[in-house]
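**Q** Model the placement of chains B and C on the given structure of chain A, informed by the hints.
Protein sequence lines correspond, in order, to chains A, B and C. According to the working numbering, numbering within the first sequence proceeds without interruption in unit steps and concludes at 151. According to the working numbering, numbering within the second sequence proceeds without interruption in unit steps and concludes at 1057. According to the working numbering, numbering within the third sequence proceeds without interruption in unit steps and concludes at 2244.
Some hints here could point you the wrong way.
[Claimed, not checked] Here are the simulated PhoX-like cross-link-like pairs (lysine-lysine), alpha carbons at most 25 Å apart as the crow flies:
id : chain 1 : residue 1 : chain 2 : residue 2
1  : C       : K2154     : A       : K7
2  : A       : K85       : A       : K48
3  : C       : K2082     : A       : K7
4  : C       : K2154     : C       : K2082
5  : C       : K2171     : C       : K2210
[Stated by the list, open to error] Okay, the calculated bits of chain A under chain C, using three or more residues with CB under 8 Å as the criterion:
id : region
6  : 31–45
7  : 105–119
8  : 128–138
Don't read these hints as lab results, they were simulated from the structure. Ideal Cβ positions, reconstructed from N, Cα and C, are used throughout, including at glycine.
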Amino acid sequence: MAKMSPKARRGLGILAVGAVLAVAVGLTLSALEDTVVYFYDPSTLADKPLDDRLIRVGGLVVEGSVSTQTTPIQFSLSDGAAEVKVVYSGILPDLFREGQGIIAEGRFDGQVFTAETVLAKHDETYMPKEIADSLKDKGLWKDQPQSDNAY
Amino acid sequence: MTEFLQMGGYAAFIWPSWGLAVLVLLGVTVSSLRHGRRIQKELEQSELKPEQKKEQS
Amino acid sequence: MFDYLANPARFQRIANVIRPLAWLIFIITLLPGLYYAFFNSPADYQQGETVRIMYIHVPSAWMALMGYVLMALMALFYLVWKHPLADIAARSMALPGAAFAFITLVTGSLWGAPMWGTWWVWDARLTSMLILLFLYIGYMVLVDSFDREDRGSKAGAVLLLVGVINIPIIKFSVDWWNTLHQGASVIRVGGPLIDASMLIPLLLMAAAAKWWFIAITLIRMRTLMGERRLQSRLASRREGGAHD
Chain A
1 MAKMSPKARR
11 GLGILAVGAV
21 LAVAVGLTLS
31 ALEDTVVYFY
41 DPSTLADKPL
51 DDRLIRVGGL
61 VVEGSVSTQT
71 TPIQFSLSDG
81 AAEVKVVYSG
91 ILPDLFREGQ
101 GIIAEGRFDG
111 QVFTAETVLA
121 KHDETYMPKE
131 IADSLKDKGL
141 WKDQPQSDNA
151 Y
Chain B
1001 MTEFLQMGGY
1011 AAFIWPSWGL
1021 AVLVLLGVTV
1031 SSLRHGRRIQ
1041 KELEQSELKP
1051 EQKKEQS
Chain C
2001 MFDYLANPAR
2011 FQRIANVIRP
2021 LAWLIFIITL
2031 LPGLYYAFFN
2041 SPADYQQGET
2051 VRIMYIHVPS
2061 AWMALMGYVL
2071 MALMALFYLV
2081 WKHPLADIAA
2091 RSMALPGAAF
2101 AFITLVTGSL
2111 WGAPMWGTWW
2121 VWDARLTSML
2131 ILLFLYIGYM
2141 VLVDSFDRED
2151 RGSKAGAVLL
2161 LVGVINIPII
2171 KFSVDWWNTL
2181 HQGASVIRVG
2191 GPLIDASMLI
2201 PLLLMAAAAK
2211 WWFIAITLIR
2221 MRTLMGERRL
2231 QSRLASRREG
2241 GAHD
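Pulled out of the complex, with its shape left as it was, chain A reads as follows (with noise of 0.2 Å):
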């Protein structure tokens, strides 16, 4: 060691703060979990425990659970291993439709979500209405989300 040039010594010394901070940022993080997830999943939803607290539930509009002529408007998420029926009178985003990915904030008694705010989640394919049309009319469209973050 005390033959190292000064310059390997700055070099390991920065090279150890920066292992040790990634180390506690990492930490920090993985402690942070539940803050740092903007949302749950339909099927975690059940874990959580019941209390006045706003929540965020994500998933993917059910095909055919949706009634918007009903107030409050009605629709079903789902994450592909449980469902959540959800309740909300207020604007819809344009991208809400269903199939889309959707995150709703409010409250959850445990059968019904009531949502105070609907924002739309959508995924990380672009392309042309002409190619997804085609790909549709092909059968080749991917109704699965492309990545688990995909709603």
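**A** What follows is chains B and C alone, placed relative to chain A:
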């Protein structure tokens, strides 16, 4: 043309986005060039000997 | 290569060649980029015309990240090898980098409003991007808040290296946690999920952003080197004057 400007009803979001980007990038460009030119001039000035400076002024 | 470039005179000679070239490449990527972005690319099947915000939002975000990574690299060179040129480079990249971070946030907000239904949420991606803007601003304020310039440079370099932890957090936030922001479309395992007709304007605009950044950085570096030469010249003249 109007159809193009309306951007399918999203004109209020698309044009401000681009407008702001142009404004910010142009601002950085102009201020960088101006500052550079000023420093270059001052450098040239300081290269002149004091006697030359008197003659100039 | 870094040692080779660290000689300021040699660096300036090379930079004088690259600078006009950078402007040229900027123009020849920007013009077709804008043409494709507005006139020769389709609307998205989901997001309609708002996809045109992507062509400024995404290149800005890439450059904000890349600019910061380059600055952090310069900070490392400065702290370990004490090259003043590395400090000058980092200082010169801060303003254009901050500009890109700012544009990313505002255009993202203008895109999120119609599509997501909100201007802003505190999800991991948006929050970490805001922190990046604060790091840029913090760096610019910090380096200029010391009487002795080298103290400012050193403090700034430390801040840059500490803040570099934020970069992987921004990039992978959309994979690690549930966020409102969608996952990566271009730089991802398995290839881009963007149709070629939209990828062309995106990559052209990204190239334009990159070469603009290079040109501006080189201009600002020359200015800063000139400023330092000016200062030392004035200082030596003042000292010389005392002996007269």
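**Q** Run every hint past the structure and note whether it holds.
**A** We went through each hint and held it up to the structure:
1. The hinted pair formed by C:K2154 and A:K7 meets the criterion: a straight-line CA distance of about 15 Å does not exceed 25 Å.
2. For the hint linking A:K85 to A:K48, the alpha-carbon distance of about 16 Å falls within 25 Å, and the restraint holds.
3. This hinted pair checks out: C:K2082 and A:K7 have alpha carbons roughly 9 Å apart, not beyond 25 Å.
4. Restraint check for C:K2154 and C:K2082: the C-alpha separation of about 10 Å stays at or below 25 Å, so the hint holds.
5. For the proposed pair C:K2171 and C:K2210, the alpha carbon gap of about 18 Å is at most 25 Å, so the pair holds.
6. For the region 31–45 of chain A, the proposed coverage by chain C is satisfied: 7 residues have a C-beta within less than 8 Å of a C-beta in that chain, meeting the threshold of three.
7. Only when three residues or more bring their CB closer than 8 Å to a CB of chain C does the claim for the region 105–119 of chain A stand; here the count is 3, and the claim holds.
8. Restraint check on the region 128–138 of chain A versus chain C: 6 residues with Cβ-Cβ distances below 8 Å, three needed, restraint holds.
In summary, this structure violates none of the numbered hints.
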